[in-house]
Amino acid sequence: MKDATKQTPAEGIDALPGDLMMWILIVSELLVFGAGLAAFMGVRLTDPAGFSEAQTHLNATTAGINTVVLVTSGWLAALAVQASEMGNILRTRLFLAAASILGVVFLVIKGAEYADKSAQGIDFETHSFFLFYYMLTGFHAMHVIAGIVILALVSWKVTPRNTEVGAAFWHMVDLVWVLLFPIMYLL
Amino acid sequence: MKYKTQRIAFAYFVVAMALFAVQVTMGLVLGWIYVDGNFLSELIPFNIGRMLHTNSLVVWLLTGFFGAAYFLVPEESEQEIHSEKLAYLQLAILVLGTAGVVVTYLFNLFEGNFLLGKEGREFLEQPKWVKAGIVVAALIFLYNISMTVLKGKKTAITNILLLGLWGIALLFLFSFYNPDNLALDKMYWWYVVHLWVEGTWELVMASILAFLMLKLTGVDREVVEKWLYVIAALALFSGILGTGHHYFWIGTPGYWQWIGSIFSSLEIVPFFGMMAFAFVMVWKGRRDHPNKAALLWSLGCATLAFFGAGVWGFLHTLHGVNFYTHGTQITAAHGHLAFFGAYVALNLAIISYAMPILRGRDPFNQVLNMVSFWLMAGGMTFMTFTLTFAGTVQTHLQRVNGEAFMDVQEQLWIFYVMRFGSGIAVVLGAVLFIYAVMKPRKEIIEAGAVGTPAE
Numbered sequence: 001m002k003d004a005t006k007q008t009p010a011e012g013i014d015a016l017p018g019d020l021m022m023w024i025l026i027v028s029e030l031l032v033f034g035a036g037l038a039a040f041m042g043v044r045l046t047d048p049a050g051f052s053e054a055q056t057h058l059n060a061t062t063a064g065i066n067t068v069v070l071v072t073s074g075w076l077a078a079l080a081v082q083a084s085e086m087g088n089i090l091r092t093r094l095f096l097a098a099a100s101i102l103g104v105v106f107l108v109i110k111g112a113e114y115a116d117k118s119a120q121g122i123d124f125e126t127h128s129f130f131l132f133y134y135m136l137t138g139f140h141a142m143h144v145i146a147g148i149v150i151l152a153l154v155s156w157k158v159t160p161r162n163t164e165v166g167a168a169f170w171h172m173v174d175l176v177w178v179l180l181f182p183i184m185y186l187l
Numbered sequence: 001m002k003y004k005t006q007r008i009a010f011a012y013f014v015v016a017m018a019l020f021a022v023q024v025t026m027g028l029v030l031g032w033i034y035v036d037g038n039f040l041s042e043l044i045p046f047n048i049g050r051m052l053h054t055n056s057l058v059v060w061l062l063t064g065f066f067g068a069a070y071f072l073v074p075e076e077s078e079q080e081i082h083s084e085k086l087a088y089l090q091l092a093i094l095v096l097g098t099a100g101v102v103v104t105y106l107f108n109l110f111e112g113n114f115l116l117g118k119e120g121r122e123f124l125e126q127p128k129w130v131k132a133g134i135v136v137a138a139l140i141f142l143y144n145i146s147m148t149v150l151k152g153k154k155t156a157i158t159n160i161l162l163l164g165l166w167g168i169a170l171l172f173l174f175s176f177y178n179p180d181n182l183a184l185d186k187m188y189w190w191y192v193v194h195l196w197v198e199g200t201w202e203l204v205m206a207s208i209l210a211f212l213m214l215k216l217t218g219v220d221r222e223v224v225e226k227w228l229y230v231i232a233a234l235a236l237f238s239g240i241l242g243t244g245h246h247y248f249w250i251g252t253p254g255y256w257q258w259i260g261s262i263f264s265s266l267e268i269v270p271f272f273g274m275m276a277f278a279f280v281m282v283w284k285g286r287r288d289h290p291n292k293a294a295l296l297w298s299l300g301c302a303t304l305a306f307f308g309a310g311v312w313g314f315l316h317t318l319h320g321v322n323f324y325t326h327g328t329q330i331t332a333a334h335g336h337l338a339f340f341g342a343y344v345a346l347n348l349a350i351i352s353y354a355m356p357i358l359r360g361r362d363p364f365n366q367v368l369n370m371v372s373f374w375l376m377a378g379g380m381t382f383m384t385f386t387l388t389f390a391g392t393v394q395t396h397l398q399r400v401n402g403e404a405f406m407d408v409q410e411q412l413w414i415f416y417v418m419r420f421g422s423g424i425a426v427v428l429g430a431v432l433f434i435y436a437v438m439k440p441r442k443e444i445i446e447a448g449a450v451g452t453p454a455e
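Chains as they are written, first to last, in the working numbering: chain G, 1 to 187; chain D, 1 to 455.
Calculated from the structure, these hints are not laboratory results.
No residue lacks a Cβ here, since even glycine has one placed at the ideal position from N, Cα and C.
No more than 30 Å apart at the CA atoms, straight line, and that leaves these computed lysine-lysine pairs for BS3-like:
| # | chain 1 | residue 1 | chain 2 | residue 2 |
| --- | --- | --- | --- | --- |
| 1 | D | Lys226 | D | Lys284 |
| 2 | D | Lys154 | G | Lys157 |
| 3 | D | Lys215 | D | Lys154 |
| 4 | G | Lys157 | D | Lys226 |
| 5 | D | Lys153 | G | Lys157 |
Label-pair distances were calculated between CB atoms; the ranges are:
| # | chain 1 | residue 1 | chain 2 | residue 2 | range |
| --- | --- | --- | --- | --- | --- |
| 6 | D | Arg121 | G | Glu11 | 49 to 57 Å |
| 7 | G | Thr159 | D | Lys154 | 19 to 27 Å |
| 8 | G | Tyr114 | D | Gly378 | 52 to 60 Å |
Take the sequences, apply the hints, and build the full model.
What follows is the structure, encoded as structure tokens:
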């Protein structure tokens, strides 16, 4: 990744770290979540009062904690990439495991949030706010699960390239949440 | 012909083109029924005519895909086809099934019979015995092709092609599931119809296009493969959940409106990718291949697919728009240009490329073939515009003003007349194409400078 400047500098898409296919996936995912969030904000314009009323049912504190959890997890994945580039496989695995555990913590907190909504009798048909809430956070949660699987696969076959590819996906999951959290919970 | 079993493709292409002729002829009849509603109403009711038009389309395109696979897999995997006999048996089953379908539809034989009667689900109305025959034929085909590939070289083109073809066969199994609940029926129905044309068929399309680009432009295999993988990934990413754009109004939960709108909007991306791929390969290519007709069809295919499937698809894929346009002539406009651009042109491209080789007349002046391209492509584009205008007027009169369906149809008459005219151009083009690839023997031109393939 960093020695790209030393040797013959790669140009264009070849300069991207990891695998081109992962970047295609990441861009596609960002388009989908971006479109979802744009649609959410668009629909909110048609019913600002209803949307802010619905938002009061969300728990911004636990979502805030989840933000910290996921960003920390992303940091651990970055450390795993570093360790992997230095050739330390055990360290890489430990960092990846730690990142995945925080991913699980995120899912547990998220699950509690869903359980709470469901106990209040809120489902995706209650209000369009909740349709987007369940759809976007649900899609995101599925990506957290997929990310954990990818990190597990990477720790099974650790190479600097694989770690980069896995971490890139994980950072995307991170990034999506960091966009989702303020738009859905705070604004 | 490098491998003698490639000649199997010839039989498949001939059957495909015969069905192509049936399809466009039925199209012309239907086009006239739109102008004069009572035309042939006793002999071939509209719904039967439409079935023949759409079913013969799907069957000939598939037959063409099979032929394309029998042609390109030996070259790619450097291996003769596993069993020539099985390939012809497969074709015989398909022909028998097709004939059975046509006869059953036309005379409405065995109405209501579980095994022998038609099922009344558009596109999947084949009697059960035909469906079973299709599955047997597909299994024979997959066995034959997979064995060939397993024995030989595995390339990105054969990988993606096989992925697509296996997907086609497995998804077809959903056609056997016919729930009583109409919403569920439609839901599973799209597993076949949508996931074919907006998923697995795209994989077949991308791999055949990649093969043609490899042969016609002489660009490095490595470059072609990178594009192919990216296009295949984009097609599956957008196409699978893009199924949701059929779930807006059939009783499925509301979130499908957003999932369908968002993912299906992205379905334009792989089609743009295929168009960019074809043009970039031609620009980069060092080879001046003499088969200009095949190149014309390939570029035409990628371009018209982008407009027909991509742009015209996006036109009415957002649920807010589709709420008004659903099932109007907008859909017909999209359907015609999408199928023509993506899959008809693709088949005609590989046929244009393969036929001179199969018939030992390579290089071959294909001026008539190129004329047929412009006739068909021009006719189809004109048809798409007239139907789009008809659909726009229809949407306004019927969906906005709330006028009755048949009153609106009467007001669309002028568009239907123009559409019939463009239909004549398409049929003439089709006839000319078939004549061009089957008949002339003499018009040989000089071979271009064929560079060595850099593979």
